[in-house]
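Once you've looked at the hints, dock chain B against the given chain A.
Number of protein chains: 2
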Amino acid sequence: MQMDRQSYKRVLMGPGPSDVDPRVLEALARPTMGHLDPAFLGILNDIRSLLQYTFKTQNQMTLAMSGTGSAGMETCVVNLIEPGDPMLVCINGVFGKRMADVAGRAGADVSTLEVAWGSVFEAEAIDLVLKRKPAKVVGIVHAETSTGARQPIEEISRVVHDNGALLLVDTVTSLGGIQVEVDGWKIDACYSGTQKCLSCPPGLAPVTFSEAALQALEKRKTKVQSWYLDLTMIRQYWGSERLYHHTAPINMNYALLEALRIVKEEGLEKRWARHWANHRMLRRGLAAIGIEYVAQAGYELPMLNAVSVPEGVDDAKVRKQLLEEFGIEIGAGLGSFKGRVWRIGLMGAASTESNVMLFLAALEKCLSDQGHKFPRGASIAAAAEADTQ
Amino acid sequence: MQMDRQSYKRVLMGPGPSDVDPRVLEALARPTMGHLDPAFLGILNDIRSLLQYTFKTQNQMTLAMSGTGSAGMETCVVNLIEPGDPMLVCINGVFGKRMADVAGRAGADVSTLEVAWGSVFEAEAIDLVLKRKPAKVVGIVHAETSTGARQPIEEISRVVHDNGALLLVDTVTSLGGIQVEVDGWKIDACYSGTQKCLSCPPGLAPVTFSEAALQALEKRKTKVQSWYLDLTMIRQYWGSERLYHHTAPINMNYALLEALRIVKEEGLEKRWARHWANHRMLRRGLAAIGIEYVAQAGYELPMLNAVSVPEGVDDAKVRKQLLEEFGIEIGAGLGSFKGRVWRIGLMGAASTESNVMLFLAALEKCLSDQGHKFPRGASIAAAAEADTQ
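Residue numbers (my numbering), protein chains in the order written: chain A, 2 to 390; chain B, 2 to 390.
Extracted from the complex, chain A is given alone in its bound form:
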């Protein structure tokens, strides 16, 4: 009975984890080797090189931290911040709020700039705030997983650097799914997770630091408050010294390497295009029954579709039926979106036409079972399909 639980095959269309390619699961199950084995150190080199490709960066300090995405966030913050350092955090959802919390715990003098959930930030607003109070680091979320909003980074990067600050960007949900340009956008510190558009199980956090971020690290007067996440030590393990720090999660690194190879084989640009195409198909299907996106128009994320639960529909009941009848997981709303928003993921290996069609058909069934009246006669699945012709 207990064994069975581990054998459920889901269709992971929530906010992550996403579906994992069988090749990645196969790599995960290979025999464990030692963290100082020359063969494993070769694997770490391959991971770095493929992460550089995926982040679009030449940064030497590019590696996978031994924790999930939130550990990546904490890594960037605690390594860049010393007690009293001013940090500006932009908040438009759960993950910006989390970053401000992490920064406060690291002793930063935290300022926040907030806009409504679902909205994105204008560079001018950030410029104004920085003019009033300079910051050492500005933190912002590229793809807000709680609201489905896509934050343009390039213009913001310009004002952040004009004001002498370092730019820290959360790409947990965006990396491998939409354009991320660490070097092109001059991002100084960037973190992600493995379980979103990279389609690897959760457990590692890719992180990359620019030269300027490295200099800030080297100029520290105090120890990094977290021993486990201290990049001044971890870089000696990932670097040519190969000094033991902690025991890396060996098998998770096998899986990440395989997931990154799949990204490279598909090619980033084609992968981004696939995420956009499947998003458009889903969107047309949802529009046919009047289901609307909650993110600011024009800034919707393709891999995380946050939409309003239709009037009169029981949110939890639909999600339960999707899971139990179809094995489909979608996400509930977080925070102020609880009960009002669904988060439909189309991430990595889960971003397929088949998943879109399956989901639309299944949703139609769940809504019908609740006596929901559709705005027009045509079925949503048929509408989505017709539009793709």
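Hints are all accurate, no fakes.
Because identical chains cannot be distinguished in the list, a pair is counted as satisfied if it fits within a single copy or across any two copies.
Dumping the calculated DMTMM-like pairs for lysine to aspartate or glutamate here, alpha-carbon to alpha-carbon at most 20 Å: (1) K321 <-> E242; (2) K265 <-> E182; (3) K137 <-> E83; (4) K339 <-> D38; (5) K318 <-> E242; (6) K224 <-> D86; (7) K10 <-> E354; (8) K224 <-> D110; (9) K220 <-> D231; (10) K321 <-> D38; (11) K318 <-> D370; (12) K265 <-> E27; (13) K134 <-> D86; (14) K98 <-> D231; (15) K10 <-> D38; (16) K10 <-> E27; (17) K224 <-> E83; (18) K222 <-> D102; (19) K339 <-> E242; (20) K57 <-> E270.
It is worth saying that the hints were derived from the structure and are not from the lab.
Leaving out everything else, chain B in the frame of chain A:
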């Protein structure tokens, strides 16, 4: 070529990771599900229950943290310590030293008690130190992976509690290999790793907190400095609330559950006896060629055999030959033991008669190749085998 690296099959006889049972690797590769999926929450319940069995505790707050053993250490320290809290750390090797470092970063007023590497602590010495300067928390390592010394805990626990402190014990290398009695020895906070005697790949850190430790957590006036390791929040995910905190490493939890089932099937007492029996066999074989243990006599760990490199033998060359010719990984000395000590692991699934015999035979070959003169005519493998009759 790159794929091949991941397919190496090693015999893991170093300080961890240890050999992983194929059942555990198979569980690791099962389809990923969501961290809020009712089926996954059931898996977390099963893990808690089996960790309670393995730690020998009734503690409700028993869970697996989403990082390796060092993250478990940091979890215990940062949750129990607030800035300025006095903490005594007992140092007789690398991991005690690490704990003092972690405590300092957490803002503890750190005192240390040090004895020579390889030695163990007497309760009286700790009592004296605590009488002079009381501490909120006393940290000590049960099985020092750098020296192979086994620290008796029971008597020390008595003096720690008589002096009003909480007892924090590192069981990274001991859990599942020798007797660990969290409730019986009145340990307040205890952490371990998955990749030693539990024979699961590295990536999770089992942790357990007593009622007294929980009370200290609840009485905190300041936030835990690490968001990622904050048990005040994580307990709401592992507890009945099931509140989202971070995305748990799903597949690693599948693997841990399977590894813990294997522990339960074998039975703790039988597992401990197996570790002792294979240690004795190894020891007789090593004694036959005059190789000596570096830990204090009578306190040698069965799963981590730290021995002196024989005079005139090239340490690195032997380890390289063991790995390349036989696929056997053993550990080098750390810190002041570098170049002078080998660390031979017999942990979990790797603690077998076959591994002992293979290792002794392989070591004999490597030493012979260096022209090493054995103290008596008999081969070490034969000596070990003869003694078991």
